[in-house]
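Heads up: the sequence shown runs through residues 1058 to 1111, numbered per this note's numbering.
Treat the hints with care, since some could be wrong.
[To be verified] Now the in silico label distances, taken between C-beta atoms and shown as ranges: (1) 1111 - 1080: 15 to 23 Å; (2) 1063 - 1103: 15 to 23 Å; (3) 1070 - 1109: 16 to 24 Å; (4) 1059 - 1099: 21 to 29 Å; (5) 1077 - 1109: 29 to 37 Å; (6) 1110 - 1078: 12 to 20 Å; (7) 1059 - 1096: 13 to 21 Å; (8) 1106 - 1080: 37 to 45 Å; (9) 1111 - 1068: 14 to 22 Å; (10) 1110 - 1077: 28 to 36 Å; (11) 1078 - 1101: 19 to 27 Å; (12) 1111 - 1073: 28 to 36 Å.
Note that these hints are calculated values from the structure, not bench results.
Ideal placement from N, C-alpha and C gives every residue a C-beta, glycine not left out.
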Amino acid sequence: MPEISRFYGIIISIYLEENVQHHLPHFHVRYQQYRASYGIEPVSQLAGALPVRQ
1058 MPEISRFYGI IISIYLEENV QHHLPHFHVR YQQYRASYGI EPVSQLAGAL PVRQ
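Throw the hints in and build the complete structure from the sequences for me.
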């Protein structure tokens, strides 16, 4: 999965599949053992969960 950003241990990735109809445009977030997906427009959580900031 292509990594587009990394900061404070958070990794942002986007899959790219040419000539394939995909659902909503979205990106994936990984942080330690947590995983989540977020829609791009509008920005919204689609799946998974990340820990609440302490």
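Taking the hints in turn, this is what the structure says about them:
As the Cβ distance of residue 1111 to residue 1080 is approximately 33 Å, the hint placing it in 15 to 23 Å is violated. Against the hinted window of 15 to 23 Å, the Cβ-Cβ separation of residue 1063 and residue 1103 comes to about 21 Å, which satisfies the hint. In this structure, residue 1070 and residue 1109 meet the distance hint of 16 to 24 Å, their C-beta atoms being roughly 22 Å apart. Distance hint check for residue 1059 and residue 1099: the Cβ-Cβ separation is about 23 Å, which falls inside the suggested range of 21 to 29 Å.
At roughly 35 Å, the beta-carbon separation of residue 1077 and residue 1109 lies within the given 29 to 37 Å, and the hint holds. Checked against the given bound of 12 to 20 Å, the beta carbons of residue 1110 and residue 1078, roughly 36 Å apart, lie outside it. Distance hint for residue 1059 and residue 1096: a CB-CB separation of about 18 Å, consistent with the stated range 13 to 21 Å. As the Cβ distance of residue 1106 to residue 1080 is approximately 19 Å, the hint placing it in 37 to 45 Å is violated.
In this structure the supplied range 14 to 22 Å holds for residue 1111 paired with residue 1068, their Cβ-Cβ distance being about 19 Å. The hint said 28 to 36 Å for the Cβ distance between residue 1110 and residue 1077, and at roughly 35 Å that hint holds. Between residue 1078 and residue 1101, the C-beta spacing of about 20 Å keeps the proposed range 19 to 27 Å intact. For the pair residue 1111 and residue 1073, the supplied restraint of 28 to 36 Å holds, since their beta-carbon distance comes to about 34 Å.
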